[in-house]
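Protein chains in written order, with the numbering used here: chain D, 441 to 761; chain E, 441 to 761.
Misleading hints may appear alongside valid ones.
[As the list claims (entries may be wrong)] Far from chain E, by Cβ distances over 12 Å, these chain D residues were calculated:
hint : residue
1    : A461
2    : R463
3    : D470
4    : G493
5    : L549
6    : R567
7    : K569
8    : A572
9    : K613
10   : P620
11   : E642
12   : R645
13   : G649
14   : G673
15   : S686
16   : T730
[Claimed, not checked] FRET-style restraints, in silico, Cβ to Cβ:
hint : chain 1 : residue 1 : chain 2 : residue 2 : range
17   : D       : S498      : E       : R721      : 53 to 63 Å
18   : E       : P459      : D       : A584      : 32 to 42 Å
19   : D       : P717      : E       : V458      : 15 to 25 Å
20   : E       : V648      : D       : D467      : 44 to 54 Å
21   : D       : G462      : E       : R594      : 37 to 47 Å
Keep in mind the hints are simulated off the structure, nothing from the lab. Quick reminder that beta carbons are idealized off the backbone N, C-alpha and C, glycines included.
There are 2 protein chains.
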Amino acid sequence: MAKPRHLDEFERIARFFVPLAGRGALDLKDDVALIDGPGGTEYVLSTDAIVEGVHFFSTDPPEQIAQKLLRVNLSDLAAKGAKPVGYLLTVALTKAGDETFLKKFSAGLALDQKRFGIVLLGGDTVRSKGAAVLSLAALGKVAAGAALLRGTARVGDTLFMSGTLGDAALGLKVLKGELPRMAVRHRAYLVSRYRLPQPRLELGRKLVGIASAAMDISDGLVADLGHLCAASGVGAIVETARLPLSLAARAALARDRTLLATILGGGDDYEILFTAPPSQRRRLARLRVTEIGRIAAAPDVTLLDGDGKPIALARGGYRHF
Amino acid sequence: MAKPRHLDEFERIARFFVPLAGRGALDLKDDVALIDGPGGTEYVLSTDAIVEGVHFFSTDPPEQIAQKLLRVNLSDLAAKGAKPVGYLLTVALTKAGDETFLKKFSAGLALDQKRFGIVLLGGDTVRSKGAAVLSLAALGKVAAGAALLRGTARVGDTLFMSGTLGDAALGLKVLKGELPRMAVRHRAYLVSRYRLPQPRLELGRKLVGIASAAMDISDGLVADLGHLCAASGVGAIVETARLPLSLAARAALARDRTLLATILGGGDDYEILFTAPPSQRRRLARLRVTEIGRIAAAPDVTLLDGDGKPIALARGGYRHF
Numbered sequence: 441m442a443k444p445r446h447l448d449e450f451e452r453i454a455r456f457f458v459p460l461a462g463r464g465a466l467d468l469k470d471d472v473a474l475i476d477g478p479g480g481t482e483y484v485l486s487t488d489a490i491v492e493g494v495h496f497f498s499t500d501p502p503e504q505i506a507q508k509l510l511r512v513n514l515s516d517l518a519a520k521g522a523k524p525v526g527y528l529l530t531v532a533l534t535k536a537g538d539e540t541f542l543k544k545f546s547a548g549l550a551l552d553q554k555r556f557g558i559v560l561l562g563g564d565t566v567r568s569k570g571a572a573v574l575s576l577a578a579l580g581k582v583a584a585g586a587a588l589l590r591g592t593a594r595v596g597d598t599l600f601m602s603g604t605l606g607d608a609a610l611g612l613k614v615l616k617g618e619l620p621r622m623a624v625r626h627r628a629y630l631v632s633r634y635r636l637p638q639p640r641l642e643l644g645r646k647l648v649g650i651a652s653a654a655m656d657i658s659d660g661l662v663a664d665l666g667h668l669c670a671a672s673g674v675g676a677i678v679e680t681a682r683l684p685l686s687l688a689a690r691a692a693l694a695r696d697r698t699l700l701a702t703i704l705g706g707g708d709d710y711e712i713l714f715t716a717p718p719s720q721r722r723r724l725a726r727l728r729v730t731e732i733g734r735i736a737a738a739p740d741v742t743l744l745d746g747d748g749k750p751i752a753l754a755r756g757g758y759r760h761f
Numbered sequence: 441m442a443k444p445r446h447l448d449e450f451e452r453i454a455r456f457f458v459p460l461a462g463r464g465a466l467d468l469k470d471d472v473a474l475i476d477g478p479g480g481t482e483y484v485l486s487t488d489a490i491v492e493g494v495h496f497f498s499t500d501p502p503e504q505i506a507q508k509l510l511r512v513n514l515s516d517l518a519a520k521g522a523k524p525v526g527y528l529l530t531v532a533l534t535k536a537g538d539e540t541f542l543k544k545f546s547a548g549l550a551l552d553q554k555r556f557g558i559v560l561l562g563g564d565t566v567r568s569k570g571a572a573v574l575s576l577a578a579l580g581k582v583a584a585g586a587a588l589l590r591g592t593a594r595v596g597d598t599l600f601m602s603g604t605l606g607d608a609a610l611g612l613k614v615l616k617g618e619l620p621r622m623a624v625r626h627r628a629y630l631v632s633r634y635r636l637p638q639p640r641l642e643l644g645r646k647l648v649g650i651a652s653a654a655m656d657i658s659d660g661l662v663a664d665l666g667h668l669c670a671a672s673g674v675g676a677i678v679e680t681a682r683l684p685l686s687l688a689a690r691a692a693l694a695r696d697r698t699l700l701a702t703i704l705g706g707g708d709d710y711e712i713l714f715t716a717p718p719s720q721r722r723r724l725a726r727l728r729v730t731e732i733g734r735i736a737a738a739p740d741v742t743l744l745d746g747d748g749k750p751i752a753l754a755r756g757g758y759r760h761f
């Protein structure tokens with residue numbers, strides 16, 4: 441087979457970094473690593489970086505940049521059922537003396553530290569060139585062996601998700617001026633969902649002992665469900681009519697049905713996607729989660745419309761078979 | 441007191457980040473954080489970032505960029521007496537498809553993983569704009585309560601360091617073409633010391649139970665000893681005639697005495713600076729370390745010349761009182 445000219449992110453990780461991975465790295469396939477903790481616990485480690493001009497803009501409120509950086513990592517901890525412990529922070533700013541930015545940035549961290557019960561453990565501040573790069577590594581704790589992994593879904597499991605789908609991707613469209621005719625309150629809601637994800641920490645901890653597999657939705661439902669299925673060696677069927685949508689997303693979809701592709705494929709929701717055996721349905725009824733499909737033997741992710749017919753996502757839209 | 445217009449790195453950390461620091465963060469004053477580990481151990485966490493055009497250049501060999509990034513963190517673990525466990529890596533490259541760089545970069549990591557007994561645990565790869573930013577968080581392990589800290593030096597302790605001083609700063613001068621008349625072998629040696637620090641992991645672990653305080657020399661002897669003294673509430677006297685110098689550094693100094701300022705003030709040596717009570721002198725005689733001075737009550741760092749007279753470092757040189 442001819443060597444491809446350019447590898448995508450997953451291929452580059454597989455080729456260059458997986459050979460370096462040690463015990464606890466979960467083959468770099470699970471967003472997190474696990475290391476032994478004290479007294480029958482494990483630490484869950486997550487790290488994510490954001491870049492100015494790529495993941496955030498210099499005009500974004502610094503408080504929210506800080507909160508998003510922390511929360512995307514907390515979302516990884518949440519999806520593993522872990523309780524936050526602490527974090528390391530690397531701040532590479534282009535203007536070394538940008539005290540106004542740092543004042544607001546640290547205020548955002550202070551707010552979320554209190555809200556989510558996590559503290560700063562250490563870090564590094566350096567001067568960048570070109571664009572600011574912010575990197576955060578979060579540590580959470582879980583009972584040893586209890587972390588929810590993505591490679592453990594089984595055929596016959598039911599598929600669930602928390603919250604609502606697609607709001608963040610629609611919020612990004614609002615910011616780009618692509619949804620100008622929506623109600624102001626809907627636009628504000630969608631933008632807030634894009635800017636400030638809600639890590640589902642409480643839910644994640646309740647899912648320990650219930651869920652068979654879990655991960656957070658950061659790259660979009662279709663992509664992330666694909667990752668979960670690939671890691672578990674299974675397929676999945678999603679009933680799109682059951683997908684939990686916010687009022688704002690419903691309003692957007694009512695105006696323009698092609699936005700379903702954005703909702704199914706867009707990222708940044710940071711909700712928990714998880715599977716559970718049917719025997720857990722009663723316990724799950726008490727939690728605020730939505731059943732959206734099931735795990736199947738076929739290796740693919742199949743999306744069904746309201747009539748049970750398969751639909752396929754195409755670039756920039758969707759089409760029926 | 442009037443508010444200064446721009447805060448330096450330490451002031452910015454003190455103002456914006458120390459208020460966020462939790463238990464184990466050591467008030468962000470010790471290069472590392474400590475968290476509980478399994479079975480009577482503690483994890484030592486260190487994080488450092490390097491930026492293209494600031495800490496390395498795009499023309500540097502990628503293997504050595506990787507090794508330096510890993511080793512500066514390993515040096516922090518070494519100075520705390522910790523044994524390496526694993527690391528998280530964030531790679532923000534400007535060219536997403538730069539496979540040649542990644543191939544060599546990961547080969548450098550593979551070499552040093554084997555050499556120093558550490559494995560990759562996880563990470564994130566993102567696209568940067570402007571300059572590449574590489575960030576690494578290393579975890580080491582030490583017996584609970586045994587980590588060597590920088591705030592625990594006592595008056596009367598003897599001051600020691602490992603290896604030789606100033607080679608890396610002189611190596612940087614060689615790379616800048618500022619030492620053209622030195623022998624090729626000396627220049628090559630100094631450059632190798634700049635490019636590839638040697639984390640003193642074995643020595644660090646032997647110092648547990650012997651040293652009263654320790655840190656690595658990354659910002660230069662004078663600055664780092666100042667940090668150690670400030671954290672410990674003590675002063676120090678350094679006998680510059682006893683400083684361990686390599687053959688190459690001696691050769692450079694023989695040509696140009698003003699290079700003493702580079703040797704005393706230059707960074708990137710990554711040797712261990714530590715203190716120990718006089719009662720430990722016999723045990724230390726078996727280790728490859730050099731006694732360079734002592735801890736005193738006066739709050740300052742005093743440098744003595746060969747005649748016991750104080751000398752002072754000025755910007756770009758040094759002068760006698």
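Going down the list of hints, with the structure as the test:
Listed as outside the interface, D:A461 is inconsistent with that label: its C-beta sits roughly 5 Å from the nearest C-beta of chain E, within the 12 Å cut-off. Listed as outside the interface, D:R463 is inconsistent with that label: its C-beta sits roughly 7 Å from the nearest C-beta of chain E, within the 12 Å cut-off. Distance check on D:D470: its Cβ comes as close as 8 Å (rounded) to a Cβ of chain E, failing to clear the 12 Å threshold; non-interface status is violated. Not every CB of chain E is more than 12 Å from the CB of D:G493 (nearest about 5 Å), against its label as outside the interface.
Taking the minimum C-beta to C-beta distance to chain E, about 6 Å, the non-interface status of D:L549 is violated against the 12 Å cut. Taking the minimum C-beta to C-beta distance to chain E, about 6 Å, the non-interface status of D:R567 is violated against the 12 Å cut. Distance to chain E contradicts D:K569 as a non-interface residue, since its nearest Cβ pair spans about 4 Å, not more than 12 Å. Not every CB of chain E lies more than 12 Å from the CB of D:A572, the least distance being 9 Å, so the non-interface label is violated.
Distance check for D:K613 against chain E: the nearest CB is about 21 Å away, which clears 12 Å, and the non-interface claim stands. Look at D:P620: its CB is around 28 Å from the nearest CB on chain E, clear of 12 Å, so calling it non-interface holds up. Residue-level check passed: D:E642 sits 21 Å from the nearest beta carbon of chain E, beyond 12 Å. Non-interface call for D:R645 relative to chain E: holds, since the shortest CB-CB distance, roughly 19 Å, exceeds 12 Å.
Its beta-carbon lying about 22 Å from the closest one in chain E, D:G649 satisfies the requirement of being farther than 12 Å from that chain. The claim that D:G673 is not at the interface with chain E holds, since no C-beta of that chain comes within 12 Å of its own (minimum 22 Å). Separation of D:S686 from chain E is adequate, the least Cβ-Cβ distance of about 28 Å exceeding the 12 Å criterion. D:T730, annotated as away from the interface, keeps every beta carbon of chain E farther than 12 Å; the closest lies near 29 Å.
Take D:S498 and E:R721: their Cβ atoms lie about 56 Å apart, and the range 53 to 63 Å holds. A hinted range of 32 to 42 Å holds for the C-beta pair E:P459 and D:A584, which are about 33 Å apart. Take D:P717 and E:V458: their Cβ atoms lie about 48 Å apart, and the range 15 to 25 Å is violated. The supplied range of 44 to 54 Å is broken by E:V648 and D:D467, whose beta-carbon atoms lie about 34 Å from each other.
Judged by the Cβ atoms, the range 37 to 47 Å given for D:G462 and E:R594 holds: they are separated by roughly 39 Å.
Against the hints set out earlier in the document, violations occur for numbers 1, 2, 3, 4, 5, 6, 7, 8, 19, 20.
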